[in-house]
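Peer 1: Those sequence lines, one after another, are chains A and B. Terminal number for the first sequence in our numbering: 1503, no gaps in between. Terminal number for the second sequence in our numbering: 1503, no gaps in between.
There's no promise every hint is true.
Treat identical chains as interchangeable: a pair holds within one or across any two.
Claimed, not checked - Once the Cα atoms are required to be at most 25 Å apart in a straight line, the calculated DSS-like pairs of lysine-lysine come out as:
no., residue 1, residue 2
1, Lys-1302, Lys-1454
2, Lys-1454, Lys-1395
3, Lys-1207, Lys-1486
4, Lys-1454, Lys-1297
5, Lys-1259, Lys-1477
6, Lys-1259, Lys-1486
7, Lys-1206, Lys-1259
8, Lys-1211, Lys-1486
9, Lys-1297, Lys-1413
10, Lys-1194, Lys-1477
11, Lys-1260, Lys-1413
12, Lys-1486, Lys-1454
13, Lys-1388, Lys-1211
14, Lys-1194, Lys-1206
15, Lys-1259, Lys-1327
16, Lys-1327, Lys-1454
17, Lys-1194, Lys-1388
18, Lys-1206, Lys-1327
19, Lys-1195, Lys-1207
Think of the hints as simulated: they come from the structure by calculation, not from any bench.
2 protein chains.
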Amino acid sequence: MALPYKKSDVIAAYARVKKSIHKTPVMTSALINEMAEAQLYFKCENLQKAGSFKIRGATNAILQLPELDRKKGVVTHSSGNFAQALALAARNLFVPAYIVMPENAPQVKVDAVKAYGAEIRFCENTQEQRVSTMEQWQKETGATFLHPYDNTDVILGQSTCAYELFDQVADLDNIISPVGGGGLISGTALSASFFSPETKVYAAEPKGADDAWHSFTYGEIYPSKNPQTIADGLLTSLGEYTFPVIRQLVRDIFIVTDEEIVEAMKLVWTRMKIIIEPSSATTLAVILKNKEQFRSQKTALIISGGNVDVNRLPF
Amino acid sequence: MALPYKKSDVIAAYARVKKSIHKTPVMTSALINEMAEAQLYFKCENLQKAGSFKIRGATNAILQLPELDRKKGVVTHSSGNFAQALALAARNLFVPAYIVMPENAPQVKVDAVKAYGAEIRFCENTQEQRVSTMEQWQKETGATFLHPYDNTDVILGQSTCAYELFDQVADLDNIISPVGGGGLISGTALSASFFSPETKVYAAEPKGADDAWHSFTYGEIYPSKNPQTIADGLLTSLGEYTFPVIRQLVRDIFIVTDEEIVEAMKLVWTRMKIIIEPSSATTLAVILKNKEQFRSQKTALIISGGNVDVNRLPF
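For reference, chain A alone in the conformation it holds in the complex (with noise of 0.2 Å):
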């Protein structure tokens, strides 16, 4: 089946977003290379604005509302980096933004939603009542529900950061990038695709919610049941979109456990000397787990994000 998107999706998606986020830098350390054995090539989101990619799907996804629905406003569910970065692209862009969190969602995400000026509203943590609670403040406002990834203008916002990236690095000869949802992996798959055909694309899972590696292993959507990892950003399950682009596009997925994650978010942290989230250290883990597989080779990493509560870290 192809899939519904053309290189100038991307390049059109890119021009409408650049404006409103960072272009990212893209760090190296000799050090990891050293270890690495392999020259790899750190794509920073964790620097960018609201600590993560999200805004890029995000701000996409906003402004491609018709501005009468603009208007009315946006509202999703997420007690993760999507309801900071949603919150933020709508600020910047004068739309009102209503936000859907778990009761139980830590202080700290709550806090800098609040602090982007959007709506909140509490709801028990479970699936259903996030649903019916977005779904009546959405007959209240009028306002667009945008899915955190399970939408094709979120998608192709997630693809301006590997489009980004092949402008900064040329040569490529893979990218890996965390699996949750699956926007990330599908907008980097999609611009590897368009951009860089050669550069191979992985993605990097925690074992303890390897539904993304079920999914793609059998072909049909498994969804992530009762997931148990530090990674906090990769507990969701593949959507109907993102699977086919991942199935499509995607070489393999590789599978590291929470150790493996730690161990090298520490890494990072103490010899890059900057503050990566655990969701975006599966991709070095990936890489020092399976050394043989890219040594030697130019490896980029998407850093996804920065979003940790520095009063409860893993070390």
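Using the hints provided, position chain B relative to the given structure of chain A.
Peer 2: Structure of chain B alone, referenced to chain A:
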């Protein structure tokens, strides 16, 4: 008294070291600017090689040695960032390095020095023992002693940081740098006097180690006695080379408490996603404590380093 430095000395130092160091980025944070009601520019020496600005001075001092002396190597005593920096600078330039460290030096720092291939000798943690161990080693090897800060070539090396900065940000109203032994602030003040004389230069010092403030205020070197602060890079006293530069070119020294330092450090970690050490956070602590004075102005903060033991954080 005229200071023994010329504009051309700074330019020559930069030409000498630039191949061996990173041109570190200048970062900004919309959110912290909002909080401070000012325009702040963070000069990120935490992203420098070996994790601090010290490699600039170490590299310049080694390169100023005659060929024959270089072969015999360099020796110093340091438990901090200079030990790592000298070890790496020496390795880069194929020069032997001998580092005297106190026997209670943090393992993480010992490991870093070892990783850069320097030889280490341990001694009791007293000034006398450090100096005598160093002198004995110097006799055995013929190596040249490089003082961590009280050395004109080290000071000129550190001046290259602000030299870069003035090229990166125009029309700065102020620069704030931490002060410990005074190498960084001296170099900063020199570069400002030559390349941006309108820019006012301030130092930031922790309350528990406020010897530089005393020296500055009373006009003679006041030794640091039993300093107690979380800013472990700022425990040392001013020296005979750094003091006159500070006395003549620094506008004022601001004092901040450890609580203010930790709060500023946490703010940078969580909002900018970069790891800075407590010593570096003194600069932002000054801004947040003296909002009136810096309001609406363009101020650069020298983020001196990012060497923190992530297993032992103050939050």
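Peer 1: Which hints from the list above does the structure break, by number from lowest to highest?
Peer 2: 5, 6, 10, 11, 16, 18
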